[in-house]
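Protein chains: 2
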Amino acid sequence: MPNMESLGKLEDIVISTRIRLARNIVGHKMPEYMNIKEANDLSKEIVNIMKMSKDDEYEYYKIRDLDDLEKTCFVEEHLISPKLYGSILSGAFLLSKNRRTTILLNEEDHLRIQTIYKGLNLKQAYAEASKTDDFLEEQLEYSFHEKFGYITSCPTNIGTGLRASVMLHLPAISITNNIEELVNILRKLGLTLRGMYGEGTQSIGAIYQISNQKTLGIREEDILDRLNKVIAQVIDRENEMRAFLLNERKIDIEDKILRSYGLITNNKKIGFNEAMNYLSDIKLGMGLGVIDQVDGLDINKLMLEIQPAKIQCKLGVRMDKRAREIARSEYIIKTLTKEE
Amino acid sequence: MPNMESLGKLEDIVISTRIRLARNIVGHKMPEYMNIKEANDLSKEIVNIMKMSKDDEYEYYKIRDLDDLEKTCFVEEHLISPKLYGSILSGAFLLSKNRRTTILLNEEDHLRIQTIYKGLNLKQAYAEASKTDDFLEEQLEYSFHEKFGYITSCPTNIGTGLRASVMLHLPAISITNNIEELVNILRKLGLTLRGMYGEGTQSIGAIYQISNQKTLGIREEDILDRLNKVIAQVIDRENEMRAFLLNERKIDIEDKILRSYGLITNNKKIGFNEAMNYLSDIKLGMGLGVIDQVDGLDINKLMLEIQPAKIQCKLGVRMDKRAREIARSEYIIKTLTKEE
Numbered sequence: 005m006p007n008m009e010s011l012g013k014l015e016d017i018v019i020s021t022r023i024r025l026a027r028n029i030v031g032h033k034m035p036e037y038m039n040i041k042e043a044n045d046l047s048k049e050i051v052n053i054m055k056m057s058k059d060d061e062y063e064y065y066k067i068r069d070l071d072d073l074e075k076t077c078f079v080e081e082h083l084i085s086p087k088l089y090g091s092i093l094s095g096a097f098l099l100s101k102n103r104r105t106t107i108l109l110n111e112e113d114h115l116r117i118q119t120i121y122k123g124l125n126l127k128q129a130y131a132e133a134s135k136t137d138d139f140l141e142e143q144l145e146y147s148f149h150e151k152f153g154y155i156t157s158c159p160t161n162i163g164t165g166l167r168a169s170v171m172l173h174l175p176a177i178s179i180t181n182n183i184e185e186l187v188n189i190l191r192k193l194g195l196t197l198r199g200m201y202g203e204g205t206q207s208i209g210a211i212y213q214i215s216n217q218k219t220l221g222i223r224e225e226d227i228l229d230r231l232n233k234v235i236a237q238v239i240d241r242e243n244e245m246r247a248f249l250l251n252e253r254k255i256d257i258e259d260k261i262l263r264s265y266g267l268i269t270n271n272k273k274i275g276f277n278e279a280m281n282y283l284s285d286i287k288l289g290m291g292l293g294v295i296d297q298v299d300g301l302d303i304n305k306l307m308l309e310i311q312p313a314k315i316q317c318k319l320g321v322r323m324d325k326r327a328r329e330i331a332r333s334e335y336i337i338k339t340l341t342k343e344e
Numbered sequence: 005m006p007n008m009e010s011l012g013k014l015e016d017i018v019i020s021t022r023i024r025l026a027r028n029i030v031g032h033k034m035p036e037y038m039n040i041k042e043a044n045d046l047s048k049e050i051v052n053i054m055k056m057s058k059d060d061e062y063e064y065y066k067i068r069d070l071d072d073l074e075k076t077c078f079v080e081e082h083l084i085s086p087k088l089y090g091s092i093l094s095g096a097f098l099l100s101k102n103r104r105t106t107i108l109l110n111e112e113d114h115l116r117i118q119t120i121y122k123g124l125n126l127k128q129a130y131a132e133a134s135k136t137d138d139f140l141e142e143q144l145e146y147s148f149h150e151k152f153g154y155i156t157s158c159p160t161n162i163g164t165g166l167r168a169s170v171m172l173h174l175p176a177i178s179i180t181n182n183i184e185e186l187v188n189i190l191r192k193l194g195l196t197l198r199g200m201y202g203e204g205t206q207s208i209g210a211i212y213q214i215s216n217q218k219t220l221g222i223r224e225e226d227i228l229d230r231l232n233k234v235i236a237q238v239i240d241r242e243n244e245m246r247a248f249l250l251n252e253r254k255i256d257i258e259d260k261i262l263r264s265y266g267l268i269t270n271n272k273k274i275g276f277n278e279a280m281n282y283l284s285d286i287k288l289g290m291g292l293g294v295i296d297q298v299d300g301l302d303i304n305k306l307m308l309e310i311q312p313a314k315i316q317c318k319l320g321v322r323m324d325k326r327a328r329e330i331a332r333s334e335y336i337i338k339t340l341t342k343e344e
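Residue numbers (my numbering), protein chains in the order written: chain A, 5 to 344; chain B, 5 to 344.
Source of the hints: derived by calculation from the structure; they are not laboratory data.
Be careful, since some hints might not be right.
You can't tell identical chains apart in this list, so a pair holds if it fits in one copy or across any two.
As the list claims (entries may be wrong) - Once the Cα atoms are required to be at most 25 Å apart in a straight line, the calculated SDA-like pairs of lysine to any residue come out as: (1) 135 x 54; (2) 254 x 331; (3) 272 x 253; (4) 122 x 318.
Using the sequences provided together with the hints, build the complete structure.
Here it is as structure tokens:
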């Protein structure tokens, strides 16, 4: 019998929602084939268009003007892609003041409009990205094919050019070794499961992204509806596994959670992956009622802040690995124990 | 510069002292060659002699009357040897009421008189064992050779029949990987280093026994004096390594100690070896001032109590491995955090 009170609420399990629209402009080579001048001219054109936007103010960044730490912080916040990070000649982006929407320029496509929302907000995030998309489309002629839809650099994005992703915390599915089963089910539904930093990355702290694979021959609304339904099922599955752990493996899961709590609140230095695994257990433990909630503690936020670059941006100090481990330890203990 | 205040005091480092005298009685075969009746008759004779002792009252135990748990508890308290545990036909022992002196009967020798003291007390322990030895010698004719001394079953004990052992907690020598060097130095001095349960055992929780190897051609007083001096040097070495850790590896040793503290006070089940390693770090941490002393906490006593059999004897419940791990966890957390 599942202990219903102990199940993870939707907002405990879903961390964030991301919508990304890939677009290209008629009359320009694909970014890979553009020279620097062409790319920069296109960037300027788009920056000038966005200056006319009444809804949001955008800040403009050129990749070549940012140092490694600054760039990495943007990647760790998921505001830019690792690919844009590497586009050192002509990569650029516009970031909205509320930091929800980024327009990536000269990445794999001319334009990638990305909107991130906390929690499960597929429709809202899509509406916001679409508004920016519509505004740009009034001024630009997008590469669009009557039959196929939006033309993109990589064939997997042709059609809607839409990738909808939901980031989830799935510790119980992970602890019970059911991730592989989930990957197989999702694949059959045309969805993929990825690690925290997207394509090709491993999961850290039981955080996974689920996103649509298919963009061709399917309407945007259907992509979102289908993903929404699957996410609801994944949440059910995670809760089923949480109930299993609590009912059938009570001592073991309590032991694991307590040990993670004991370790992360008692150390002098800690690596990012190690800390993420303990924070994952603590997040689960708070969900299961094994450890007490800490008033006002936002573990999702803490998980973002302790990343290798973010911890340096957060504390305003450049640090080597060991210094980061020490600073991360202090920052986490302060945050979790509300020490001053 | 060593931080002198943080060094381990003698009583932190030396756990206990043990004196053991091996004796055999003229006119009897060695225990290995005795039949059960002969062995039992000899036991009875010795029990009757000890009944006349004015100093101590002794309780008499026959190995065959004890079940495995009872026997194992005596071994874990170091009151009987693993060898006597296995002497299921004729093994027996007399235990003094203060539990300091055990007379092991029909083990490797007819008699083994053993006295254990807390801390470093070689002379006192020897005096107490000798008193029992002298009392027995008034009533029994010991096998004694004018030139060689006491005749024992194993040639390594011939001479004084004396083994003097000191049990020490050497975490800093252990952490800095200097145990092997110590073993080599001790070997040259005719001393041996063994694990917690004596011959052939591994160290658990950085606890080691140092004892004399040589018993022939050397006076009892010289054995004790020599061992005393070496123990003083080993304590100096341990303190030198503690100062090194605190001065040169401060963050790392604090990290190790804090993590052990965090783990042992936050879990639902814990194995014996794992718990011993954490308690060893905590004992070191209290010595170094890294973690606060707990009023009235006796870690040496706790280390004895959490052994696989002792935890059952202590709590008065027979338990399988998993139940012991859960009970050990509760007992340690209660003791360390002074919870009620």
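Cross-check of the supplied hints:
no., hint, result
1, 135 x 54, "within (12 Å within a copy, 99 Å between copies)"
2, 254 x 331, "between (34 Å within a copy, 15 Å between copies)"
3, 272 x 253, "between (31 Å within a copy, 12 Å between copies)"
4, 122 x 318, "within (20 Å within a copy, 53 Å between copies)"
In this structure, every one of the numbered hints holds.
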